[in-house]
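Sequences listed follow chains A and B, in order.
If you're matching positions, the first sequence starts at -5 in our numbering and goes up one per residue.
If you're matching positions, the second sequence starts at 36 in our numbering and goes up one per residue.
I should point out that these hints are in silico values taken from the structure, not numbers from a laboratory.
All values reported here derive from a predicted model rather than from experimental measurement.
Glycine included, every Cβ here is placed at the ideal spot set by N, Cα and C.
Some clues are possibly wrong.
As the list claims (entries may be wrong) - Chain B side only, calculated, beta carbon under 7 Å to chain A, not exhaustive:
no., residue
1, A85
2, A124
3, L127
As the list claims (entries may be wrong) - Straight-line Cα separation of at most 30 Å, DSSO-like style, residue types lysine-lysine; simulated pairs:
no., chain 1, residue 1, chain 2, residue 2
4, A, K316, B, K206
5, B, K154, A, K250
6, B, K154, B, K138
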Amino acid sequence: MRNNSSPVADTPEATETPVSAGSTGGHNSAGSTGGHEETRKVHAALTRSSTGSADLRELESGLDSLQSDAVRKARVDWSRILLPVAAVVVLIIIWQAYVSLGLKRRDLVPGPLDVAGQFGTLWAEGALQEAVWTSLQRGLVGFLISVAIATPIGLLLAQVAPLRRAFGPLISGLQVLPSVAWVPAAIIWFGLTDATVYFVVFMGAIPSIINGLISGVDQIPPQYRSVGTVLGASRLQMAVQIVLPAALPGYLGGLKQGWAFSWRSLMAAEIIAVGGTIGFGLGSMLNQGRDLADMTIVMSAILLILAVGILIELLVFGPIEKRLLQRRGLLAGSTR
Amino acid sequence: MPVVLENLGKRFGDGAPVLDDVNATIGKGEFVALLGASGCGKSTLLNIMAGLEVPTSGALEVPSDGAAFMFQDAALFPWLTARENIELALQLRGVGKAERRIKANELLELVHLAGAGDKRPHELSGGMRQRVALARSLAQDRQLLLMDEPFAALDAITRDLLHDELERIWKETGRTIVFVTHNVREAVRLGQRVLLLSSRPGRVVQEWNVTEEHRTDAGLAGQLTGVITARLREEIRRHAK
Ligand SMILES: Nc1ncnc2c1ncn2[C@@H]1O[C@H](COP(=O)(O)OP(=O)(O)OP(=O)(O)O)[C@@H](O)[C@H]1O
Ligand SMILES: [Mg+2]
């Protein structure tokens, strides 16, 4: 481990001040040579502790290993899987029990088995797969384009005060405005095409992503910017290499909300705008169920919409968020 | 002269001046300890030297390429590993990618943290974090290194170790160091010169030279510490009542 055979000669202070003080305590012997009989005891805090560099290294690595965490092995936590499944099972049992009481007409409140049957029919027809695929694809593409548009705008607004003063209230307002309100306008402008659907998704997702990013940036400790300045970051470097990563937890919150808005807006658009070249999505399925007055189709569509939302959270945002927080040491003590 | 402060003054808003008529010159390669009671404006003065704050009056001369800065808490970026934190400093200085890695490893080696390069700040102890911060400030490769109570929050043994390391690094690299502290022992331990800043308004009221004899003779060092402490207390007592 020691790479120098004579720590005394290696220590700068030992060579520069030959009449150096002896070692400060019993813990080291490298600092003093045999010749100084009359050396004084020295307080380490006031003068050099005259520790040999190898000794210093050893002491330091001892402290380091005492003070840093041992690596903990990650393992599969079954309660994470079993508890949510149990919750769903309980809800289905309650649902079935309620239906079995026969308080409502079966065609108005179908039971779990009726809906499962309808699932099977839709699956066999291929309508289920088509609807899920069409909606999911639109939702994701619309969301990703929204991210690409909203991120630079959000950074710009967060970093340039006059721009933010000018556009901030407008963006906040747009976030509050239900994106369904854009459907009639979109139909007039774009007709019954995919452009209508995407337009509504953008109007839903972009403002909330921008706002998420801005509030993430607002919460950055001011010291990070000072460090950036001291390190000589240019404006662009500051924005991309310091502000953006520092704001990532807030930004991720904005992305989650942006996805939720995309998905909701998409469903709204699909329910209202039917026909033309607009394909068959989950919203269309919902609308079809209403037209046919078939409650099992309606329930199937609702459950599918819900399932997609849950899966995206569990498979995409959940792991990303967990990893992000874990890497920054922010997860300790949380109930996630 | 890397640093010249002339009649420097600073006030926040229209409050009482925090700094008033600060005069000091710091030579190349010098290790100056800046001492003062809590709240006397040490950080403010250091921030002005680093260009993070602008003085309201007076003039200052600092190296045109700016200064390296070490903050009171490590101020490492939590989303980067120890090595990446150092590499970022190198990158912002314009060092190429391949060279960055080599340089960062050298610096980690210099602060005896070669094995901890892939750890994230929250996985390191306070002392290790400060050493990474030290390596990062050295990565900036500026002649002037400003340090704002960098070891204040550490335990005594770790602090002693870091004192030894800092002194070694100072000798090896020949930097000019301004080291802010409110700890008289620390100032005497490290500085070649100790400047005492008064409180409200902050102003350099006295300075002492710490010679090589003080480094090795505990009696002399203790005596000087006593003198400086007495002067500091007198300065604080002025504000009593
Ligand atoms: N941004 C600010 N706005 C208003 N007042 C400030 C600001 N920064 C510092 N001050 C004031 O300036 C004075 C000096 O602060 P400074 O942080 O420089 O003290 P210090 O000597 O570093 O203290 P410490 O030893 O506790 O770190 C304090 O009274 C503080 O209240
Ligand atoms: Mg301070």
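Verification of the hints:
| no. | hint | result |
| --- | --- | --- |
| 1 | A85 | 6 Å, holds |
| 2 | A124 | 5 Å, holds |
| 3 | L127 | 5 Å, holds |
| 4 | A:K316 to B:K206 | 45 Å, violated |
| 5 | B:K154 to A:K250 | 29 Å, holds |
| 6 | B:K154 to B:K138 | 17 Å, holds |
The earlier numbered hint that this structure contradicts is number 4, and it is the only one.
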